[in-house]
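Novice: As a plain string of letters, each chain reads:
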Amino acid sequence: MIHIEDLSVCYQGKDGPITAIENINLNISQGEICAVIGPSGGGKSTLLKVLAGIIKGYRGRVLIDGRKVDPKTHRIGFIPQNDGLIKWRTVEQNIRLSAKIKDGRKHIDRNYYLELIKRLNIQGMKERYPNQLSGGERQRVSLARVFLLKPHLLLMDESFSALDAITREEVRRVFLDVWKAHRVTTVFVTHDINEAIFLGEKVVVLSAAPGKVVNMMHNPLFGKSCSFTTGDYAELNRKLRKMLRGDQNHAASCI
Amino acid sequence: MRLHAYKSVHYIYGLLIIFGSWQLLAVMTDSPIWLSPWDILMHLYETFHSTIAVHALYSLRRTVLGISLSLAIGVPLGVLTGYFKKMDRLFSPMLYFSYPIPKMALLPVVMLLFGLGEATKVIMIFLIIFFPIVVNIRDEVKNIPGEVYEPMYSLGAKPLQVINEIILPGIVPAILTSLRIGIGTAISILFFTENFGTVYGMGYFIMDAWMRVNYMQMYSGIVVLSILGLICFIMIDCLEVFICRWKSLR
Ligand SMILES: Nc1ncnc2c1ncn2[C@@H]1O[C@H](COP(=O)(O)OP(=O)(O)OP(=O)(O)O)[C@@H](O)[C@H]1O
Ligand SMILES: [Mg+2]
Chain H
1 MIHIEDLSVC YQGKDGPITA IENINLNISQ GEICAVIGPS GGGKSTLLKV LAGIIKGYRG
61 RVLIDGRKVD PKTHRIGFIP QNDGLIKWRT VEQNIRLSAK IKDGRKHIDR NYYLELIKRL
121 NIQGMKERYP NQLSGGERQR VSLARVFLLK PHLLLMDESF SALDAITREE VRRVFLDVWK
181 AHRVTTVFVT HDINEAIFLG EKVVVLSAAP GKVVNMMHNP LFGKSCSFTT GDYAELNRKL
241 RKMLRGDQNH AASCI
Chain W
1 MRLHAYKSVH YIYGLLIIFG SWQLLAVMTD SPIWLSPWDI LMHLYETFHS TIAVHALYSL
61 RRTVLGISLS LAIGVPLGVL TGYFKKMDRL FSPMLYFSYP IPKMALLPVV MLLFGLGEAT
121 KVIMIFLIIF FPIVVNIRDE VKNIPGEVYE PMYSLGAKPL QVINEIILPG IVPAILTSLR
181 IGIGTAISIL FFTENFGTVY GMGYFIMDAW MRVNYMQMYS GIVVLSILGL ICFIMIDCLE
241 VFICRWKSLR
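So the protein sequences, as listed, match chains H and W. If you count the first sequence from 1, position 165 lands on 165 in my numbering, and the numbers rise without skipping. If you count the second sequence from 1, position 113 lands on 113 in my numbering, and the numbers rise without skipping.
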């Protein structure tokens, strides 16, 4: 489904180019949900923006279904790091906007819309503005917005962070619920190891800047909410933690 | 300063205090310059239809035309320069250089080009409020955070869709602010330009009364001009409350 080959991205900084990610190779198959985890500034958001077709100036090859990324022809749902809701439009307008842009106002699936807002428990907030919502509600609204689009590829940038532990678990569970109904190919970014283990079928560990793939693994504990207490979980958590930190030690020894 | 920021009783108090102290001053000084506001209102009531209304309508028409023209050209230009970097590079230097020119000083030039008629009055309003409108709208568009656009770009949204769905609804408050500033400014410009080549308009009416030492008429004119501005302000404030509910939710 997704094929990334030797991907590098440079930003134009004030004093020369800044390499955000370097030589990333990655394959993600159809219907898979992939967690990208890494330290801050490691180019996670950059990677997602390349997949979303927002960053076009990159080196390497990025193919979705065998074709070069193109927002016009692919059906990509993207939630940016700070939910990206438009604060001067109501919740309902925000949710419908993506589908409206992609397919036109007439083709919005009314029943699916109603089902979604019920599933995500935001029926009572249709007429409100994003400023009148809590953090968790905003994130559920941004989820509704991408799901209504029925994307073929779903990209989420730290969509569950900035929430308290309980709300975060709840939003994750709701997300997994809705996700299981459609099994859309998903790449999500997180800096939370628990989240990567709970939501990621595949876990990709990026290094600190410039981002490289440190490790990529299949996660046997995917979707098992009761697994937080088991020994397997502790083992995996320790392993990921070591990868994230080990890389920092490596970086430190380079200096 | 917005209407809905304070309770309406406070406005009534404000009005009473201004009105009362003026009345007090008039009674105490008893000079022909300080007329009592009560007498002025009575005078207005009696003569508005017969003498002042036609002047007020002329001024109103010039204001509406001047502001509409400025918005019709200024808002699209502001949106384009705010959204497209190339447009910004093309137009912003021009804006920068023409902004500080004292447009009032161009009145003789405009009169030479467009004559002494209505066009000159409308164009003077346009010249003066057009630039602040463009700059105001441009900056408002630039202030829209990038992450609002990103989901749209990942859908392949066309620029026109982005402008329609995100930018235009988002700059409504800036347009209303432009309107507010525009009205205040337009009225003071009219006061000046209406003294040339016309015998209609509130500016002419007031200065004419002054020269004829008819202070009663002069004050009536000033009151009408103020009320005209006030009504426009109240209308814009009400519009803002209805259209931009999200704005008061900060
Ligand atoms: N528009 C930009 N211009 C210049 N440099 C940028 C730009 N955006 C990001 N960078 C740099 O690229 C690197 C990667 O940024 P990116 O946002 O992808 O990191 P991230 O992994 O998402 O971090 P975080 O976890 O903090 O969100 C950082 O060093 C950042 O400073
Ligand atoms: Mg990021």
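Hints are computed from structural coordinates only; laboratory data are not their basis. Incorrect hints may have been included.
As the list claims (entries may be wrong) - Which bits of chain W does chain H cover? Going by a derived footprint, with three or more residues having C-beta under 8 Å, they are:
1) 53–63
2) 156–163
To be verified - In silico DSSO-like links for lysine-lysine, alpha-carbon gap of 30 Å or less:
3) K100/H to K103/W
4) K126/H to K72/H
5) K142/W to K100/H
Claimed, not checked - Interface residues of chain W toward chain H, partial, derived using beta-carbon atoms under 7 Å:
6) V148
7) P151
8) A174
If you're wondering where the values come from, they're calculated on a predicted model, not measured in any experiment. Note that CB positions come from ideal geometry on N, CA and C, so glycine has one too.
Novice: Is the interface hint satisfied for P151/W? The criterion is a beta-carbon contact with chain H at less than 7 Å.
Specialist: holds, 5 Å
Novice: Tell me if V148/W is really an interface residue toward chain H, meaning its C-beta lies closer than 7 Å to one of theirs.
Specialist: holds, 5 Å
Novice: Tell me if A174/W is really an interface residue toward chain H, meaning its C-beta lies closer than 7 Å to one of theirs.
Specialist: Not OK, violated: A174/W not within 7 Å of chain H, min 11 Å.
Novice: Does the structure keep K100/H and K103/W at a Cα separation of 30 Å or less?
Specialist: Violated - the C-alpha atoms of K103/W and K100/H are around 45 Å apart, more than 30 Å.
Novice: Can the restraint linking K142/W and K100/H be considered satisfied, given a maximum Cα separation of 30 Å?
Specialist: holds, 24 Å
Novice: Test coverage of the region 53–63 of chain W by chain H using CB-CB distances below 8 Å; three residues minimum.
Specialist: violated (count 0)
Novice: Report holds or violated for chain H covering the region 156–163 of chain W, Cβ cut-off 8 Å, minimum 3 residues.
Specialist: holds (count 3)
Novice: Given the hint that K126/H pairs with K72/H, test it: the Cα-Cα distance must not exceed 30 Å.
Specialist: holds, 29 Å
When each numbered hint is compared with the structure, violations occur for hints 1, 3 and 8.
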